[in-house]
Amino acid sequence: MEFTRKNKQLLSRKATNDGHGENSPYFDGWKAYDSDPYHRSQNPNGVIQMGLAENQLCFDLIKKWILENPDASICTAEGVDKFKDIAIYQDYHGLKEFIEALAKFMGRVGGNRVTFDPNRIVMSGGATGANETVMFCLADPGDAFLVPSPYYPAFARDLRWRTGLEIVPVDCKSSNNFRITRAALEEAYEKAQRSNINVKGVIIANPSNPLGTILDRETMRSIVSFINEQNIHLVFDEIYAATVFSSPRFISIAEIIQDMDCNRDLIHIVYSLSKDMGFPGFRVGIVYSFNDVVVNCARKMSSFGLVSSSQTQYLLASMLSDEDFVGNFLRESSKRLAKRHHVFTKGLEQVGISCLKSNAGLFFWMDMRPLLKEQTVKGEMELWRVIIDEVKLNVSPGSSFQCSEPGWFRVCFANMDGETVEVALDRIRKFVLQGKEEDHAAPETSKRWQKKNLRLSFSSSRLYDESTMSPPMISPHSRIPHSPLVPAMT
Amino acid sequence: MAFATKNRQLLSRIATNDRPGENSPYFEGWKAYDSNPFHPTQNPDGVIQMGLAENQLCFDLIKKWILKNPQASICTAEGVDKFKDISIFQDYHGQKEFREAVAKFMGRVGGNMVTFDPNRIVMSGGATGANETVMFCLADPGDAFLVPSPYYPAFLRDLRWRTGLEIVPVDCNSSNNFRITRAALEEAYERAQRLNINVKGVIIANPSNPLGTTLDRETMRSLVSFINEKNIHLVCDEIYAASVFSSPRFISVAEIIQDMDCNRDLIHIVYSLSKDMGFPGFRVGIVYSFNDLVVHCARKMSSFGLVSSQTQYLLASMLSDEEFVENFLKESSQRLAKRHRVFTHGLEQVGISCLKGNAGLFSWMDMRPLLKEQTVEGEMELWRVIVNEVKLNVSPGSSFQCSEPGWFRVCFANMDDEIVEIALDRIGKFVRQGKEEDVAPKKPKRWQKKLHYLFCCCR
Chain A
1 MEFTRKNKQL LSRKATNDGH GENSPYFDGW KAYDSDPYHR SQNPNGVIQM
51 GLAENQLCFD LIKKWILENP DASICTAEGV DKFKDIAIYQ DYHGLKEFIE
101 ALAKFMGRVG GNRVTFDPNR IVMSGGATGA NETVMFCLAD PGDAFLVPSP
151 YYPAFARDLR WRTGLEIVPV DCKSSNNFRI TRAALEEAYE KAQRSNINVK
201 GVIIANPSNP LGTILDRETM RSIVSFINEQ NIHLVFDEIY AATVFSSPRF
251 ISIAEIIQDM DCNRDLIHIV YSLSKDMGFP GFRVGIVYSF NDVVVNCARK
301 MSSFGLVSSS QTQYLLASML SDEDFVGNFL RESSKRLAKR HHVFTKGLEQ
351 VGISCLKSNA GLFFWMDMRP LLKEQTVKGE MELWRVIIDE VKLNVSPGSS
401 FQCSEPGWFR VCFANMDGET VEVALDRIRK FVLQGKEEDH AAPETSKRWQ
451 KKNLRLSFSS SRLYDESTMS PPMISPHSRI PHSPLVPAMT
Chain B
1 MAFATKNRQL LSRIATNDRP GENSPYFEGW KAYDSNPFHP TQNPDGVIQM
51 GLAENQLCFD LIKKWILKNP QASICTAEGV DKFKDISIFQ DYHGQKEFRE
101 AVAKFMGRVG GNMVTFDPNR IVMSGGATGA NETVMFCLAD PGDAFLVPSP
151 YYPAFLRDLR WRTGLEIVPV DCNSSNNFRI TRAALEEAYE RAQRLNINVK
201 GVIIANPSNP LGTTLDRETM RSLVSFINEK NIHLVCDEIY AASVFSSPRF
251 ISVAEIIQDM DCNRDLIHIV YSLSKDMGFP GFRVGIVYSF NDLVVHCARK
301 MSSFGLVSSQ TQYLLASMLS DEEFVENFLK ESSQRLAKRH RVFTHGLEQV
351 GISCLKGNAG LFSWMDMRPL LKEQTVEGEM ELWRVIVNEV KLNVSPGSSF
401 QCSEPGWFRV CFANMDDEIV EIALDRIGKF VRQGKEEDVA PKKPKRWQKK
451 LHYLFCCCR
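Residue numbers (the UniProt record's numbering), protein chains in the order written: chain A, 1 to 490; chain B, 1 to 459.
In isolation and in its complexed conformation, chain A is listed as follows:
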């Protein structure tokens, strides 16, 4: 104990505080999954991973392209002569072909309404690195950013941990489908001011994680006019841009400002290929700013986490400049996401569970409020632990997204094959119907799942005890077909 304390003083505050955010209950579900992962034949009663926002639906298309384009790799006979030049290329501007291909891709994803300038594209280590980099450029320790809730859990780490910034949530509610209203923004801003918190900007994920919705034009214009008036920054994390699978179409902030009078030095975009293409392992993060000083600063910072590897830049430059392939990929991906979304939401409807109407993302926002024993966070956590422990689905409770209304859950659907979808739906149906039967049979008796002792205790919410070196890991070459990621905080 004495030694641990002494050790802690030896290290920085960042090393010894909770800024990394991994002590949230969000990770308990991961633990359950890791210790008992579902496998169709080897572990059919295991926990199904539905807490991971990954896009695994289109790898057949990728594989086909790879085989048809051996010169895109520096490791094939066709491409190996490029190995040396690529392996030594560490210019933080990035490979010219890569940033040009990215700019084109982003334009395509934005419906070809905007042209993105390759010279404003700055690389970073995934969107994780991009968000942190933007914060380092825009704000000082102690400053704050407004973040509409519910929001991506890892924002707590990415925006705050090493930067020293604060998050001021802007509460959005189901009463108006979680829209971001001008009133809510003003209220959050004023609340911050009264507490002497210096708000430097607003950061929004559009499409939204966890809601799976996109912002309409009116809301976007209203937000731009708000930040313009307050002279604060606006950061749009558009990481799910190409996951939009039904109308209305995605509108990039770059398109909105084209016909608005606003200070472009306040506008910044974060992008990534982790969701749209399904390549989180390649660490392709992008900072795109309309502010020249920010572009230059972010570029210098990209030395700390340059997008993956020149090897990967080279491969993707080739892939993303293949316009035929990109066109087809985006179309197919949309279709498959739409279908998957439809299967799930229809299946849930049939047992009386509704979801927020959405048209994007790799997940849906499920309304479990009717099933809560009490409409509180505690009630939500109880239900959640049952879903993990008994229904054997790792879904993510709304409280981990700082949702102000208990009872909502994010459920990911794009990281599994069709059969697993059926198994998952089946389990949910059984669970809900069981609850209804019990209601019918003996309305005074509390539901069976409510009576059972909850196996997961509330106290232990730390995923990794400091005394253990590393948790059990599963390599991508394991027999288990779907790579569990610990702890991909997506």
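Derived from the structure by calculation, the hints contain no laboratory data.
A quick note: this is a predicted structure, and the numbers were derived from the prediction, not measured.
Positions of the beta carbon are idealized from the N, C-alpha and C atoms, including for glycine.
A portion of the hints provided could be inaccurate.
With a straight-line Cα cutoff of 27 Å, these simulated DSS-like cross-link-like pairs (lysine-lysine) come out [unchecked claim]:
hint	chain 1	residue 1	chain 2	residue 2
1	B	K31	A	K82
2	A	K96	B	K63
3	B	K391	B	K429
Which bits of chain A does chain B cover? Going by a derived footprint, with three or more residues having C-beta under 8 Å, they are [said to hold, decoys possible]:
hint	segment
4	12-18
5	47-61
6	282-295
Place chain B on chain A using the hints.
Showing chain B alone in chain A's frame:
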């Protein structure tokens, strides 16, 4: 102007200060090269790049291995079935095979005197990211690290910029071949204390950049005992470990602490494949700490700069091929030794001496006899002539915070043999010219006369 000021207030202090350090003269040579780069046929009078510490000597071996191992790539017919699993793998622990291969490689590079534990290996965005991450873990804004000078210029950015730390240099000079003495460490430490600067540790690069030397066992033991006594950290950046080409052999700090009584929680290593393998583009940085908390913290921070899974996969395969690694390290050493010999011998013949080095991708050249005055200004004058007239981009000692003017770092492993000859030829001509002019002493040296033309491009 008002807008620029307004813009500055809009942004963070980090975004608007000078800490990234790209305004240093170090980068002028780069600009000169960029605007007039040497090419053997297309631009034979251009500037030869000798300011870039890259290892380009062994790509033939790499290419041969790549062609023989198509399964190591996820883009070949043999490997494409792995594409999906690899491209979705973003676990910040890193691929197990990758960590194991890197641990084995580090052990081999350390002469097989130490076994490295794969569970202590944490990824980062190159050594650049690794050094910054270690600082974030060990110290708070305002704290300081002692850094023996001369040191790698980008430490100013990597250790200080976003972390808010300070560097306290430990001056080493040529009187004892730039050795790091206990006395110098104590002096720097006490100096810091008197100024109320909280020193959290010492960071050294071993082998040294820019000196090209390795630390001897005695110096290392003395360093370890110093930090242990003061209860401060020791970070060893061992990025050039496998670039040792002649004796004495490389000794990792991991080996030193094996038979020393010291608090291992204070010992941390930074490593990378950018120099030893010649893969700077792949951004493979490693933090290896003997302190469990630091391993955990750095691992969480690695989310900000993970190595691409595609690259992890390739390198896991390459570095576990023991035969290949054995042969590569042997060949690389031999070729570096030869290049070093050719270069330093060529310099000797025109009367220029270098610090006796046995590692690294560069030589530490002594140009003090050629300085008009033994000052930083004198050094910068000479440097500008070398860049603009001799057309070699070399790096002036002042950019490494060297306390003695007149030393220059010259890189030799990023070019082929013919260019080495051309470079040596140019240096030879330049020196001989200076000597000829010395014979007619009343006239100032031709290069000194041209200075007033050059000052206009001085920043």
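Hints, one by one, checked against the model:
1. B:K31 x A:K82: holds, 25 Å
2. A:K96 x B:K63: Answer holds: K96 (chain A) to K63 (chain B) is near 24 Å, not above 27 Å.
3. B:K391 x B:K429: holds, 12 Å
4. 12-18: holds (count 5)
5. 47-61: holds (count 3)
6. 282-295: holds (count 5)
The structure agrees with every numbered hint stated previously.
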